[in-house]
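J.: Next come the chains, spelled out residue by residue.
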Amino acid sequence: MADDRGPEGRAAGRGHNVSPAFLADRAKFVRKETVRLSRIAGAGHYSSTFSAAELFAALYYAHLRIDPARPDWPDRDRFVLSKGHAAIGLYPVLADLGFFEPALLDGYTRLGSPFGDHPDMKKVKGVDFSSGSLGHGLSVAVGMALAARVQKRGNRVFCMLGDGELAEGQIWEAAMAAAHFRLGSLVAIVDRNGLCIDGHTEEVMSVEPLADRFAGFGWDPVRIDGHDFGQILGALDDLPPPGEGRPRVIIADTVKGRGVAMMEGALNWHVGNLADEDYEAVMAELDAGLRPATWDNASGEHRK
Amino acid sequence: MSERTADAASQDQSDLFTGDGAAGARSKATVKGTPARQMPAFVLGEELGDLAERDERIVVLTADLASANRTVEFKARHPERFFDFGIAEKNMVTAAAGMAACGHVPFAATFASFLGILCAEQIRTDCAYPNLPVRLVAHHSGISMGFYGTSHHAVEDLAMMRTIAGLTVVCATDASMLRAILRASLDRPGAMYIRLGRGRDPEVYKAPPADFAFGRAIRLREGKDLTIIATGAEVYPALGAAEKLAGQGISARVVDMHTISPLDREEIRAAAAETGAILTVEEHNVTGGLGSAVAEVLVECERVPFRRHGIPDEFALIGPPAALYAHYRLDSDGIAGEALALLGRG
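If you read the sequences in order, they're chains A and B.
Each number in the working numbering corresponds to the 1-based position in the first sequence with 5 added.
Each number in the working numbering corresponds to the 1-based position in the second sequence with 17 added.
Worth flagging that the hints you see were computed from the coordinates, not collected in a lab.
Be careful, since some hints might not be right.
[Said to hold, decoys possible] From the structure, some residues in chain A lie toward chain B, with a derived Cβ separation under 10 Å: (1) P79; (2) K127; (3) S135; (4) H205; (5) V209.
[Claimed, not checked] Chain A side only, calculated, beta carbon under 8 Å to chain B, not exhaustive: (6) L139; (7) V147; (8) A152; (9) Q175; (10) M210; (11) S211; (12) V212.
C-beta atoms are modelled at their ideal positions from N, C-alpha and C, and glycine is treated no differently.
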């Protein structure tokens with residue numbers, strides 16, 4: 006679908022005409038950078054970032070109305086990473102697009118670095134809000150969408166939620182408010198990777214039936230495969246015009262740890278650190294490209 | 018009888034949720050909408066409405082208390098810039114931060130117990146840490162909710178708020194001071210916790226102090242025998258106490274320490290050096306609030322006879338506000354008695 010909302014000066018390699026192969030390459034880049042930066046830190050949120058890699062790539066390289074040359078552009082789309090622990094996958098994208106020098110990432114998490122495990126809007130250009138305390142992001146996005154209405158701007162506000170954080174009550178306060186205020190410019194994306202730290206969400210604190218729950222709160226839910234660029238871009242292109250209306254939630258079924266077989270669906274890789282020999286093997290596995298997933302979050306069973 | 022118990026209206030708690038301020042024989046449910054000008058102090062909606070005429074950044078949020086805090090008057094004048102979030106304070110505070118991140122100066126108002134205490138984490142993480150200009154208007158602080166009880170009291174909020182880096186914490190002495198704070202807040206970077214009393218606090222200032230500045234205390238009365246450092250609604254009875262002490266030949270300086278963070282350390286040092294004894298007075302638990310903040314300064318400079326006066330480290334009794342103030346010796350008689358005890362003349 007054509008979209009003429011793009012600003013002038015859009016970074017090279019962005020836009021609606023980018024190929025699925027290019028987006029797949031950028032998702033690979035997100036995963037490899039996550040592995041590289043985690044080694045600098047000695048620990049990282051690998052698997053929560055891997056589940057969102059295609060979502061990051063589609064949003065930042067194909068869809069969001071942003072301009073890296075003008076990070077404070079008031080009419081830009083906003084992106085709130087409510088699951089702030091996936092920032093390690095967002096930083097490389099922002100650097101790649103030109104918000105800051107990629108070399109700055111080499112000091113990731115070292116003393117005084119602007120780049121921590123959770124993102125800081127005051128230190129990192131391109132980050133629209135500081136996050137890390139789960140359950141807050143949707144409220145931030147509600148405020149941003151209200152601001153767009155007061156200021157009569159045409160931008161959208163995107164908020165990426167983890168599925169585990171849906172147990173936070175404030176999420177549902179925000180969900181209620183978004184529908185009440187008819188925030189049609191608000192888009193929530195749930196990275197439905199099926200796992201929180203202690204286990205499967207449906208065993209720890211169930212979130213299903215998720216679409217019905219959002220619908221019951223007055224939202225328009227759509228459910229997609231969060232690793233399929235066709236479905237992701239289809240959902241993004243199908244958004245209603247920003248303005249008054251029902252808020253939209255895109256429930257993206259994903260696989261936690263997607264792309265590295267030993268991490269797919271594995272509970273012990275929420276935070277981890279790859280030993281040197283595993284590091285090389287994981288980089289080689291990522292270089293080879295995605296293979297069919299070894300785990301299906303819908304059933305909670307390993308496929309192989 | 019103190020000035021507070023003499024105020025019949027202060028015994029009346031029927032108006033807290035409507036903000037009418039019309040004590041009398043009429044059924045309270047029928048008087049909703051009494052103009053704020055008849056209120057002794059609740060000028061919040063009126064002042065913000067005026068400021069918003071000149072400053073398009075201002076938006077106002079509340080959590081189902083638009084009448085109690087009179088932001089309903091802002092709503093009447095600027096409906097497109099007013100948002101009632103219902104009984105969802107955490108969502109309100111974080112959404113205010115989201116609006117601030119897009120260029121607004123949001124004023125989010127609700128009871129202090131449900132702002133400074135319930136939303137402490139949202140204030141720290143979403144407002145103060147990103148240094149966003151959210152103004153958290155915490156009204157009915159301390160024990161002013163009287164018989165509504167501990168759930169509605171807020172005697173811990175100053176302690177919690179003043180440990181948050183970069184958060185301005187300020188207490189409104191009366192209506193005029195509230196106007197001064199609101200006006201000055203527009204040019205101050207970062208988040209701010211504005212603590213109000215009951216909204217009918219007696220007048221200390223005839224007009225908004227022209228030289229008001231955050232972090233600079235106001236010396237209201239000179240004295241040489243001790244200094245009473247008070248904040249918020251306790252400034253008025255502190256002045257009354259100084260008057261009573263004068264009748265006994267004791268000269269008490271009275272300082273309005275409106276800003277708890279950043280604290281006016283110079284004024285505290287001057288009080289210690291020049292008057293030799295300090296009594297702090299606050300409608301707050303004596304642990305962690307104004308008294309503790311002043312003590313932190315004193316132990317680093319000059320040791321003088323010192324006494325913290327406030328709510329003891331316990332959950333307050335319930336009762337009509339005036340009865341509670343008398344019980345906890347937070348009226349002028351009680352404060353004068355504390356001063357005498359401090360000076361060894363009690």
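J.: Against this structure, judge whether each hint is valid.
T.: Results for each hint:
The interface hint given for A:P79 holds, since its Cβ lies 7 Å from the closest Cβ of chain B, which is under the 10 Å cut-off. Using the Cβ-Cβ criterion of 10 Å, the hint placing A:K127 at the interface with chain B is satisfied: the shortest such distance is roughly 6 Å. For A:S135, the suggested interface contact is upheld, since its CB lies about 5 Å from the closest CB of chain B, less than 10 Å. For A:H205, the suggested interface contact is broken, since its CB lies about 27 Å from the closest CB of chain B, more than 10 Å.
Using the Cβ-Cβ criterion of 10 Å, the hint placing A:V209 at the interface with chain B is not satisfied: the shortest such distance is roughly 22 Å. With its C-beta approaching chain B no nearer than about 11 Å, A:L139 sits outside the 8 Å limit, and its interface hint is violated. Contact between A:V147 and chain B, as hinted, is supported at the beta carbon level, the nearest pair being about 5 Å apart and thus within 8 Å. With 8 Å as the threshold, the beta carbon of A:A152 comes within range of chain B, its nearest partner Cβ sitting at about 4 Å, so the hint holds.
Given the 8 Å rule on beta carbons, the hint for A:Q175 holds: about 5 Å separates it from the nearest Cβ of chain B. Annotation: interface hint on A:M210 violated; nearest CB of chain B at approximately 19 Å, more than 8 Å. Restraint check, A:S211 versus chain B: the minimum CB separation of about 23 Å is more than 8 Å; hint violated. Hint status for A:V212 relative to chain B: violated, with the closest Cβ pair at about 19 Å, above 8 Å.
Consistency note: the structure conflicts with the earlier hints numbered 4, 5, 6, 10, 11 and 12.
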